[in-house]
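Next come the chains, spelled out residue by residue.
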Amino acid sequence: MTSIVLDVRDVHARYGKQEVLRGVTLQVRTGQWFCLLGPNGVGKSTLLHCVAARLVPSAGDILVCDHSVRTSTVDAKRKLGYGCAPEQLPGLLTGRQCLEVYASAKELECVDPEVIELAEALKFTMYLDRFVDTYSLGTRQKLCVLLALLGQPELIVLDEAFNGLDPASALVVKRHLQERLAANRCAVLLATHSLDIVEHYADKAALLLDGKVVREWSDSEIAAMREQGAARFEEALAGESS
Amino acid sequence: MLAALGVAGEVHATVVGKVMLWIALATAIGSIVGWWSARRSRADALEGSRYVGAIKPRNETLPSAAALSGWPVAQVRAWGRPENLRILVLIPALFAVQAGSSAVHGLSVLAIWVLGGYLGGLLRAVWHTARSASAWLRSTPIPFAQFAWAMTRKALLHQLVGTAVAAAVLISLGAPLANALYLGALWLAIVLLSYSIFVVDAYRARPPLIRLVLSFATLAIVEARQHGWSIPLAALLAAWHLRAGAKT
Numbered sequence: 001m002t003s004i005v006l007d008v009r010d011v012h013a014r015y016g017k018q019e020v021l022r023g024v025t026l027q028v029r030t031g032q033w034f035c036l037l038g039p040n041g042v043g044k045s046t047l048l049h050c051v052a053a054r055l056v057p058s059a060g061d062i063l064v065c066d067h068s069v070r071t072s073t074v075d076a077k078r079k080l081g082y083g084c085a086p087e088q089l090p091g092l093l094t095g096r097q098c099l100e101v102y103a104s105a106k107e108l109e110c111v112d113p114e115v116i117e118l119a120e121a122l123k124f125t126m127y128l129d130r131f132v133d134t135y136s137l138g139t140r141q142k143l144c145v146l147l148a149l150l151g152q153p154e155l156i157v158l159d160e161a162f163n164g165l166d167p168a169s170a171l172v173v174k175r176h177l178q179e180r181l182a183a184n185r186c187a188v189l190l191a192t193h194s195l196d197i198v199e200h201y202a203d204k205a206a207l208l209l210d211g212k213v214v215r216e217w218s219d220s221e222i223a224a225m226r227e228q229g230a231a232r233f234e235e236a237l238a239g240e241s242s
Numbered sequence: 243m244l245a246a247l248g249v250a251g252e253v254h255a256t257v258v259g260k261v262m263l264w265i266a267l268a269t270a271i272g273s274i275v276g277w278w279s280a281r282r283s284r285a286d287a288l289e290g291s292r293y294v295g296a297i298k299p300r301n302e303t304l305p306s307a308a309a310l311s312g313w314p315v316a317q318v319r320a321w322g323r324p325e326n327l328r329i330l331v332l333i334p335a336l337f338a339v340q341a342g343s344s345a346v347h348g349l350s351v352l353a354i355w356v357l358g359g360y361l362g363g364l365l366r367a368v369w370h371t372a373r374s375a376s377a378w379l380r381s382t383p384i385p386f387a388q389f390a391w392a393m394t395r396k397a398l399l400h401q402l403v404g405t406a407v408a409a410a411v412l413i414s415l416g417a418p419l420a421n422a423l424y425l426g427a428l429w430l431a432i433v434l435l436s437y438s439i440f441v442v443d444a445y446r447a448r449p450p451l452i453r454l455v456l457s458f459a460t461l462a463i464v465e466a467r468q469h470g471w472s473i474p475l476a477a478l479l480a481a482w483h484l485r486a487g488a489k490t
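Here the protein sequences come in this chain order: A and B. Reminder that position 50 of the first sequence reads as 50 in our numbering, one-by-one numbering, no gaps. Numbers given in our numbering equal positions in the second sequence, counted from 1, plus 242.
Just so you know, these hints were derived from the structure itself, not from any lab. Treat the hints with caution; some may be incorrect.
[Stated by the list, open to error] Calculated lysine-lysine pairs in the BS3-like style (CA-CA distance at most 27 Å, straight line):
no.: 1; chain 1: A; residue 1: K174; chain 2: A; residue 2: K17
no.: 2; chain 1: B; residue 1: K298; chain 2: A; residue 2: K123
no.: 3; chain 1: A; residue 1: K17; chain 2: A; residue 2: K79
no.: 4; chain 1: B; residue 1: K489; chain 2: A; residue 2: K79
no.: 5; chain 1: B; residue 1: K260; chain 2: B; residue 2: K396
no.: 6; chain 1: A; residue 1: K123; chain 2: A; residue 2: K174
[Claimed, not checked] Chain A is faced by these chain B residues, among others (derived, beta-carbon under 8 Å):
no.: 7; residue: T303
no.: 8; residue: L379
no.: 9; residue: T382
no.: 10; residue: L398
no.: 11; residue: A420
no.: 12; residue: A422
[What the hints assert, rightly or not] Simulated coverage check for chain B against chain A, where a stretch passes if three residues somewhere in it have a Cβ under 8 Å from a Cβ of chain A:
no.: 13; region: 314–323
no.: 14; region: 436–442
As the structure is a prediction and not an experimental result, all values here were calculated from the model. No residue lacks a Cβ here, since even glycine has one placed at the ideal position from N, Cα and C.
Make the full structure from the sequences, and use the hints.
What follows is the structure, encoded as structure tokens:
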């Protein structure tokens with residue numbers, strides 16, 4: 001029996017007067033790879049910001065491993081690993097310094113050897129002592145993923161994390177995440193436009209439109225569409241969006 | 243002014259004409275060089291880290307927030323690229339040295355300008371970097387005390403040493419000891435108060451303007467009534483801001 005890692009309960013969120021999320025409800029269990037889909041500007045990143053306690057919801061609540069991000073923020077943050085946007089990385093620190101600061105901020109006693117191994121697999125170690133502002137988008141993206149994986153988080157939150165990654169590196173990251181999921185060590189919440197990831201890796205997917213979840217696909221539905229052909233999911237998504 | 247003096251007959255017309263000609267020529271050459279260099283290189287397109295200095299490669303990666311404390315200093319260096327420095331510091335510095343001054347006097351004035359620019363830049367850099375660091379680390383459980391200490395530790399040390407050097411230079415330029423010490427202490431009080439507001443507001447992701455205005459208005463009023471009292475008051479206000487930040 002897997003436990004619920006993320007429980008989003010009727011969450012509303014706004015930027016100023018503009019309401020971006022209008023009652024989002026979803027659950028993610030341990031071992032699940034949950035993909036959040038939707039056109040640009042529908043609130044995917046806003047929802048991830050709320051889950052990562054970067055933005056306080058105007059209504060509703062979010063529980064990360066039973067800790068509310070509103071009332072037990074620090075406990076909730078201890079359970080999650082958030083892959084920030086590449087442009088948020090500090091340009092005047094090196095990759096190694098970023099890992100060290102992030103590990104310290106996450107109250108870790110050491111940087112996980114597993115993350116260092118992943119850095120080697122991603123051919124990132126040669127960039128560790130270079131400044132982040134000299135990195136390409138793909139290299140920054142690798143660092144964002146590594147930071148998100150520090151400290152054995154039970155919920156990994158990634159926002160378009162495969163954008164800019166070369167196919168080989170993307171495959172390394174996907175396999176690494178799959179290993180963690182297979183061992184029931186975590187759950188993954190990924191906002192993406194890549195239907196390939198949904199078809200081949202996701203256990204569950206949801207379509208967000210106008211700040212609401214309008215459709216969810218279960219593991220079996222995704223598997224069925226995978227068997228029906230490559231474009232089946234694309235057609236289904238287009239149908240829902242229109 | 244030269245033209246007016248020439249018209250008034252106080253300076254010979256040919257001297258005025260020559261000076262005006264040289265000014266016009268220098269302006270024309272400067273304009274061409276400026277236009278050409280602006281086209282040739284886009285300074286802002288270069289990475290800021292080019293001006294920070296090399297980092298020694300290491301083999302170990304250990305959890306530590308120490309790198310955060312070096313970030314404001316690195317930011318000042320990145321801002322202090324030659325293109326910015328020559329405009330913001332060197333030109334006013336050169337104009338501040340009076341004709342007929344000794345070389346030591348000129349260099350001391352130049353040192354005060356450069357040091358002042360650095361310390362002023364460092365004051366601003368802490369807000370700039372603390373805000374970025376806070377946004378970057380917001381999804382981590384970093385405690386306020388760790389964040390505040392890491393962001394300000396090195397900058398405070400640089401401010402302390404820089405202010406001491408500036409006070410020494412002022413004394414060497416002939417400023418009375420009491421005045422130099424008072425200016426130094428006042429600057430450090432301003433730094434302490436500003437940094438406390440910056441780290442609290444960066445951590446809380448809110449703008450610091452209102453707290454800065456209110457705090458410094460209070461200091462100004464107290465200083466106007468009782469000379470020197472603003473310094474302990476600034477320390478008290480800084481402690482009060484930090485205590486409020488630690489509660490969140």
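**Item:** Satisfaction of the T303 of chain B interface hint, Cβ to chain A closer than 8 Å
**Value:** holds (5 Å)
**Prompt:** Straight-line Cα separation of K123 of chain A and K174 of chain A no greater than 27 Å?
**Reply:** Holds, at roughly 15 Å.
**Message:** So if I understand the rule, the pair passes when the alpha-carbon distance is 27 Å or less; does K17 of chain A with K79 of chain A pass?
**Reply:** Between K17 of chain A and K79 of chain A the Cα gap is close to 31 Å, so the pair fails against 27 Å, i.e. violated.
**Message:** Using C-beta distances, would you say chain A covers the region 314–323 of chain B, given that this needs three or more residues below 8 Å?
**Reply:** Holds, because 3 residues of the region 314–323 of chain B bring their Cβ atoms closer than 8 Å to Cβ atoms of chain A.
**Minimum beta-carbon distance criterion (8 Å), A420 of chain B to chain A** = Since chain A brings no Cβ nearer than about 39 Å to A420 of chain B, farther than 8 Å, the hint is violated.
**Item:** Given pair status - K123 of chain A, K298 of chain B, alpha carbons within 27 Å
**Value:** With a Cα-Cα distance of about 20 Å, the restraint between K298 of chain B and K123 of chain A holds, given a limit of 27 Å.
**Interface hint compliance - L398 of chain B to chain A, C-beta minimum distance less than 8 Å** = Since the shortest Cβ distance to chain A is 19 Å, the answer is violated.
**Request:** Take the C-alpha atoms of K260 of chain B and K396 of chain B, compute the straight-line distance between them, and say whether it is at most 27 Å.
**Result:** violated (52 Å)
**Prompt:** With 8 Å as the cut and Cβ atoms as the points, is A422 of chain B at the interface with chain A?
**Reply:** violated (33 Å)
**Message:** Taking 8 Å as the Cβ threshold, is the statement that the region 436–442 of chain B is covered by chain A upheld or broken by the three-residue rule?
**Reply:** violated (count 0)
**Prompt:** When you check the alpha-carbon spacing of K489 of chain B and K79 of chain A, does it fall within 27 Å?
**Reply:** holds (22 Å)
**Given hint T382 of chain B near chain A, where the shortest CB pair must fall under 8 Å** = holds (4 Å)
Hint compliance for this structure: hints 1, 3, 5, 10, 11, 12 and 14 are broken, all remaining hints hold.
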